[in-house]
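Colleague: Could you put the whole structure together from the sequences, leaning on the hints where they help?
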Amino acid sequence: RMKKIFIINLTTDNKQKIENKKLELLNHFKEVGYKEIKFASESKSLSAGNNLTANEKIIALCKEIGANEDYCGGTGAAAYMDDKIFAENGIKITVQDWKCNEYPQLFTKQVGFIPNLSIIDLLMNADIKRAQNVILGND
3 RMKKIFIINL TTDNKQKIEN KKLELLNHFK EVGYKEIKFA SESKSLSAGN
53 NLTANEKIIA LCKEIGANED YCGGTGAAAY MDDKIFAENG IKITVQDWKC
103 NEYPQLFTKQ VGFIPNLSII DLLMNADIKR AQNVILGND
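If you want our numbering, it's the 1-based position in the sequence shown plus 2.
Honestly, I wouldn't trust all of these hints.
[What the hints assert, rightly or not] Label pairs and their calculated CB-CB ranges:
| no. | residue 1 | residue 2 | range |
| --- | --- | --- | --- |
| 1 | 118 | 40 | 16 to 24 Å |
| 2 | 53 | 135 | 35 to 43 Å |
| 3 | 106 | 67 | 26 to 34 Å |
By construction, these hints were calculated from the structure, which means they are not laboratory data.
From a predicted model like this one, the values you see are computed outputs, not experimental measurements.
Where a beta carbon is used, it is the ideal one built from N, C-alpha and C, also for glycine.
Modeller: Given below as structure tokens:
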């Protein structure tokens, strides 16, 4: 069975706000069935001053958590990911071809639905049942 791990990167100027968001996100993920969540801010691989490229950071995170088979990115990932460096590190790139079902968003009435945002957007805007249905591709 494949182990699913989400790596989440949260930034803000206020450390207390980050801690509150982490707790809120952990609770949301657990409610929709994910058991293990890792935060990029807690990574040993991404310590300050390491000067890694974006691709190298992703590879370092994958290695740190033992993800040596697949890195699943969204539809925009193919634009910046270097296939060669991932292959050299034993990480297969899988670009998702996922169609996002609509869910309520903060500014839907003003600008319409914006698909393919992060899972954080989904978890912050939809109730648990709706989030599960969107993740599973049910409508």
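Colleague: Now, for every hint given, state plainly whether the structure supports it.
Modeller: Evaluated hints:
Hint check: residue 118 to residue 40, Cβ distance near 22 Å, so the stated range 16 to 24 Å holds. Evaluation of the 35 to 43 Å hint for residue 53 and residue 135 yields a pass: the beta carbon distance comes to about 42 Å. Here the CB-CB span from residue 106 to residue 67 is close to 32 Å, well matched to the stated 26 to 34 Å.
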